[in-house]
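A.B. asks: Here's the letter readout for the chains.
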Amino acid sequence: MSTIKLDNVTKCFGQTKALDGVSVVFEENKIYGLLGRNGAGKSTLLNVISNRLFPTSGEVTIDGIRVFENDYALSKIFCMSDKNLYPDTMKVKEIFEITKLYYPEFDMNYAQKLSHDFGLNINKKIKGLSTGYNSIYKIILALSSGAPIVFFDEPVLGLDANHRELFYKALIDKYSEKPATYVISTHLIEEASDIIERVVILKEGKLILDEDTETVLAGGYAVSGPATAVDEFCKGKELLGQDVLGGLKTAYIKGKIRAEELPENLELSKPDLQKLFIQLTN
Amino acid sequence: MMTFNFDDEKPIYIQLAEGIEDAVLSGAFPEETQIPSTTEISVGYKINPATALKGVNLLVENGVLYKKRGVGMFVATGAVEKIREKRKQAFFDAYVKALVLEAQKLKITKEDVIGMIEKGFLK
Chain A
60 MSTIKLDNVT KCFGQTKALD GVSVVFEENK IYGLLGRNGA GKSTLLNVIS NRLFPTSGEV
120 TIDGIRVFEN DYALSKIFCM SDKNLYPDTM KVKEIFEITK LYYPEFDMNY AQKLSHDFGL
180 NINKKIKGLS TGYNSIYKII LALSSGAPIV FFDEPVLGLD ANHRELFYKA LIDKYSEKPA
240 TYVISTHLIE EASDIIERVV ILKEGKLILD EDTETVLAGG YAVSGPATAV DEFCKGKELL
300 GQDVLGGLKT AYIKGKIRAE ELPENLELSK PDLQKLFIQL TN
Chain B
80 MMTFNFDDEK PIYIQLAEGI EDAVLSGAFP EETQIPSTTE ISVGYKINPA TALKGVNLLV
140 ENGVLYKKRG VGMFVATGAV EKIREKRKQA FFDAYVKALV LEAQKLKITK EDVIGMIEKG
200 FLK
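Chains as they are written, first to last, in our numbering: chain A, 60 to 341; chain B, 80 to 202.
What you were told as hints is all true, and nothing was included just to trick you.
Below are the DSS-like pairs computed for lysine-lysine, each with C-alpha atoms no more than 25 Å apart in a straight line: (1) A:K329 <-> B:K176; (2) B:K125 <-> A:K228; (3) B:K133 <-> A:K329.
Have a look at the derived ranges for each label pair, beta carbon to beta carbon: (4) A:K265 <-> B:G123: 33 to 39 Å; (5) B:P109 <-> A:G98: 53 to 59 Å; (6) B:V175 <-> A:D302: 30 to 36 Å; (7) A:G306 <-> B:T188: 28 to 34 Å; (8) A:G191 <-> B:G194: 55 to 61 Å; (9) B:P109 <-> A:E87: 35 to 41 Å; (10) A:E249 <-> B:Q168: 29 to 35 Å; (11) A:E323 <-> B:T112: 44 to 50 Å.
Since the hints were derived computationally from the structure, they do not count as laboratory data.
Virtual Cβ for every residue (Gly too), placed ideally from N, Cα, C.
Based on the provided sequences and hints, a complete structural model is requested.
C.D. replies: Put into structure tokens, the structure is as follows:
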């Protein structure tokens, strides 16, 4: 078991509430997308769960056990972030060996295979790596860690299109072979949206959405046409947001709309996850 | 191999199921042959394994595919006929209704539409 539960978690930095009463459950062996604009609290959330930050109030538990200074809970989490936690004079292969000490399930053969696939020279020192390879060696650590809970905080930072594709495929492959709870925090929503089973969205430290990706996509519609007709149609409906271009308007609506109830001069379409995200977090 | 774009408005598992159906119709996956595993499908198309499983299970329920324990997923005998029958029913809703609606919007007469359809068949 490895279920993460946050109960009314608040984290303050001085006057700023980076997390504001967040309650959410990350269920075992699901792939989550943790989304939010810059400064929404995504990294703070991951850091609170992995005990790198203490919550100001509220509680984080893994399988009912508090994570606060608890080795059992922490041994279950591998947290990949853009931060470098090792001296930059260390070689990649030395970091693999150190990680093996902390994560006994670390798969050295798999790490070496992935390094080869990504074209990463493991004899190189960290300080000699490009931005892309700095992300890549951490991706490899995370995928090889064997931890039942893995956080990816902006995993594809600086990766070219080929390497991003390789990462998503490696992630699905690993997940199929050995399921784990993956929480992926990313700004590149479109390319990750087909992989994510459940979406968690933060806005200004608050949880504003926690739903299955399929439900989110099924529950949002875009209606476009002459502005006055769109306004008339939207009366009494839950509006997420709108785009205006001259006399034309596109309104984003929450809930189900049947094509039959639509006036002739309006067009119905389905916005993708990224468009819905923009409307929800604007 | 299956080709489909995931920009469609339908849920991905339904698009996947339709993509496999298309491959069966085109003969890419003949009856009584094995199709790729759900892992191969989810890795190949970068979709969540749970989604891939849902799409494949839909076709198992419809009798298009069947599972051989420990071996994999196979196309059932009679699958092509089954899919054609189902698609014919959906054809009216998806194409004819939309065609009439668009024709009305553009003020194309019924006679003109029929003429166009006939022309389409000549090509």
